[in-house]
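Enquirer: In order, the protein sequences belong to chains X and D.
Residue numbering for the first sequence follows the numbering used here, starting at 63 and increasing by one per position.
Residue numbering for the second sequence follows the numbering used here, starting at 14 and increasing by one per position.
Bear in mind the hints are in silico, worked out from the structure with no lab data behind them.
Some hints could be false.
Reference listing, derived: stretches of chain X covered by chain D, where coverage requires no fewer than 3 residues with Cβ under 8 Å from a Cβ of chain D [stated by the list, open to error]:
(1) 116-129
(2) 134-142
Quick list of the computed label-pair ranges, beta carbon to beta carbon [said to hold, decoys possible]:
(3) Asp95/D - Thr91/X: 28 to 38 Å
(4) Leu81/D - Asn133/X: 31 to 41 Å
(5) Ala163/X - Leu91/D: 23 to 33 Å
(6) Ile81/X - Pro79/D: 21 to 31 Å
(7) Val168/X - Thr99/D: 15 to 25 Å
(8) Glu101/D - Glu80/X: 13 to 23 Å
(9) Thr145/X - Thr68/D: 39 to 49 Å
(10) Glu120/X - Ala65/D: 21 to 31 Å
(11) Arg153/D - Pro99/X: 25 to 35 Å
(12) Leu101/X - Asn84/D: 29 to 39 Å
(13) Asp89/D - Ile81/X: 17 to 27 Å
Glycine included, every Cβ here is placed at the ideal spot set by N, Cα and C.
These are the residues of each chain, in order.
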Amino acid sequence: MTDITARVTMPTSARKGEIIEIKVLARHTMDRAVDAPGLKPSPRRIIHSFRASYAGEEIFRMALSSGIASNPFISFTTVATETGVIAFEWLEDGGAVYSRAATLVVT
Amino acid sequence: MPDKAPTRRMVAAGLAVMPFAAQAQPIASAAADVNRSRSSESFADAERALLAGRTPIAAGITLDVPKLSENGNSVDVLIRVDSAMTREDHVRAIHILSEQNPYPRVATFNLTARAGRAEVATRIRLATTQNIVVLAETSRGAVHRAEQEVIVILGACVDGG
């Protein structure tokens, strides 16, 4: 996988001080480790971390386990402080990092 | 009868080795757990580690999970913690723990005062009918706890078999 299919749902603009809700959905199988008898062992391959930064400052972080459903959905909130880029990063087992960004206009 | 003696000796030998095994585990476990289908940490251990000696407050968390879930592969979880979310007093971390999954630590959310509201949602896997436990740590060091049972009709096949 070289890139990730992801959808970020959030408003494009907000009033200063308003709390906005951000929802992110990524397409990922979140493969659990397999080592059961009779099955071919395979290593874990999941999105183990997710983080979001707003105008360069980290606002949210999540540690995921194999107990998170495939196609991980995450919803969180932030206060609209200034017009800026909200950047999202998904960290996968094996070191791959996938990113998306969205601009929030604050009036 | 004749095989009783060796068994007892084996048990004794095992016990003698145990202290070393217990010491060696934390170093190796973090990396090794990744390729195991079951965590070496139990639910009780995980909760005790997160509480770190603090007594949880059984209030302040709204845990919204379905009472009955048809499919354990994807169970909606919404967590709302009562907090002013000011710089002095805000929710720092929210943990989701599972009593029956192979890995008790399902997820950890790290928030700052900038969140405005302590409200997060995700979708989790549940191996079987069980209690979901949520712990919320505040910046003042308090821990809130909530628990809710989810009946799972078709469990997520988290054991890999």
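Enquirer: Look at each hint and say if it fits the structure.
Expert: Now the hints, each set against the structure:
For the region 116-129 of chain X, the proposed coverage by chain D is satisfied: 12 residues have a C-beta within less than 8 Å of a C-beta in that chain, meeting the threshold of three. Note: the region 134-142 of chain X has 8 residues with beta-carbon separation from chain D under 8 Å; the three-residue rule is met and the coverage holds. For the hinted restraint 28 to 38 Å between Asp95/D and Thr91/X, the CB-CB distance of approximately 36 Å keeps it satisfied. Checked against the hint of 31 to 41 Å, the pair Leu81/D and Asn133/X fails, with Cβ atoms roughly 22 Å apart.
Our hint of 23 to 33 Å for Ala163/X and Leu91/D holds, since their Cβ atoms are close to 26 Å apart. Checked against the hint of 21 to 31 Å, the pair Ile81/X and Pro79/D passes, with Cβ atoms roughly 26 Å apart. The hinted range of 15 to 25 Å is satisfied by Val168/X and Thr99/D, whose Cβ atoms lie roughly 20 Å apart. The hinted range of 13 to 23 Å is satisfied by Glu101/D and Glu80/X, whose Cβ atoms lie roughly 22 Å apart.
In this structure the supplied range 39 to 49 Å holds for Thr145/X paired with Thr68/D, their Cβ-Cβ distance being about 44 Å. Restraint check, Glu120/X to Ala65/D: a C-beta distance of roughly 24 Å satisfies the suggested window 21 to 31 Å. For Arg153/D and Pro99/X, the hinted distance range of 25 to 35 Å is not satisfied, since their beta carbons lie about 49 Å from each other. With their beta carbons about 22 Å apart, Leu101/X and Asn84/D fall outside the hinted range of 29 to 39 Å.
Between Asp89/D and Ile81/X the CB atoms are about 21 Å apart, so this pair conforms to the stated range of 17 to 27 Å.
Figure legend: structure checked against the earlier numbered hints; hints not met, in rising order: 4, 11, 12.
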